[in-house]
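Spelled out, the chains give:
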Amino acid sequence: DTAVSQTPKYLVTQMGNDKSIKCEQNLGHDTMYWYKQDSKKFLKIMFSYNNKELIINETVPNRFSPKSPDKAHLNLHINSLELGDSAVYFCASSRPGGELFFGEGSRLTVL
Amino acid sequence: SQQGEEDPQALSIQEGENATMNCSYKTSINNLQWYRQNSGRGLVHLILIRSNEREKHSGRLRVTLDTSKKSSSLLITASRAADTASYFCATAAGDSWGKLQFGAGTQVVVTP
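Protein chains in written order, with the numbering used here: chain A, 1 to 111; chain B, 1 to 112.
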């Protein structure tokens, strides 16, 4: 069973569209994250939720809206997509202060 | 801003050789972690070293931490082709344990 699973793995869309990425973890962790990895492999945290509560919001445009319906799920919705949003988005989860467990990534290409 | 920076950016070695990569960071940390990322995959945690530790081992991995120099090194001994991947250091500062800051990674290629 996959510990952290995110869907879809690939998204190709036009500028201005809205898209969502879903993430689920079956590790029983309270904390979940969204990270963005750019074309140079630089990985940057976007959001973190602890037990459904937003605890980290790293100066991300408000076109990005995370939602955590329960502590096992953290979804990412992106409105009005721009070319610069093209990247690989990683979901992760952890126990407090522990190592992160990452999903396999969702590669977003905005044309 | 980027907290950890790995050096070198890329490393090419032959199977059986050792691979060493370094990480420097800027602020005080609670712990430093190393992750591996195979091409097209997610990151996998390798090892965590706390700020009060100086060295840690896990299998063929050896990590050192020098808080006075704000640096860490990852040594992979007797490398294998399967070790080909990008390696990232990540730091957790102060009470912001959830806010891991990653470097840009060292790309390691191990040729048979």
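In short, the hints are calculated from the structure, not lab data.
For every residue, glycine included, the Cβ atom is placed at its ideal position computed from N, Cα and C.
One thing to keep in mind: the hints can contain errors.
[To be verified] Label-pair ranges, simulated between beta-carbon atoms: (1) B:N38 / A:T13: 19 to 29 Å; (2) A:R95 / B:E53: 30 to 40 Å; (3) A:D38 / B:V44: 43 to 53 Å; (4) A:S80 / B:S58: 20 to 30 Å; (5) B:S51 / A:D18: 37 to 47 Å; (6) B:G40 / A:K67: 22 to 32 Å; (7) B:G16 / A:H73: 21 to 31 Å.
[To be verified] Derived contacts from chain A toward chain B, CB cut-off under 7 Å, selection only: (8) L43; (9) I45; (10) I56; (11) F64.
Hint by hint, here is what the structure shows:
1. B:N38 / A:T13: 19 to 29 Å: Since the Cβ atoms of N38 of chain B and T13 of chain A sit about 26 Å apart, the hinted range of 19 to 29 Å holds.
2. A:R95 / B:E53: 30 to 40 Å: 19 Å, violated
3. A:D38 / B:V44: 43 to 53 Å: 20 Å, violated
4. A:S80 / B:S58: 20 to 30 Å: At 45 Å between Cβs, range violated.
5. B:S51 / A:D18: 37 to 47 Å: Roughly 43 Å apart at Cβ, these two residues keep to the hinted range, so it holds.
6. B:G40 / A:K67: 22 to 32 Å: Between G40 of chain B and K67 of chain A, where Cβ atoms are some 27 Å apart, the hint holds.
7. B:G16 / A:H73: 21 to 31 Å: Once the Cβ atoms are compared, 45 Å apart, the range 21 to 31 Å for H73 of chain A and G16 of chain B is violated.
8. L43: Holds. Min distance 4 Å.
9. I45: 6 Å, holds
10. I56: Holds: closest Cβ of chain B sits about 6 Å from I56 of chain A, inside 7 Å.
11. F64: 17 Å, violated
Going down the numbered hints, you'll see the structure goes against 2, 3, 4, 7 and 11, while the others check out.
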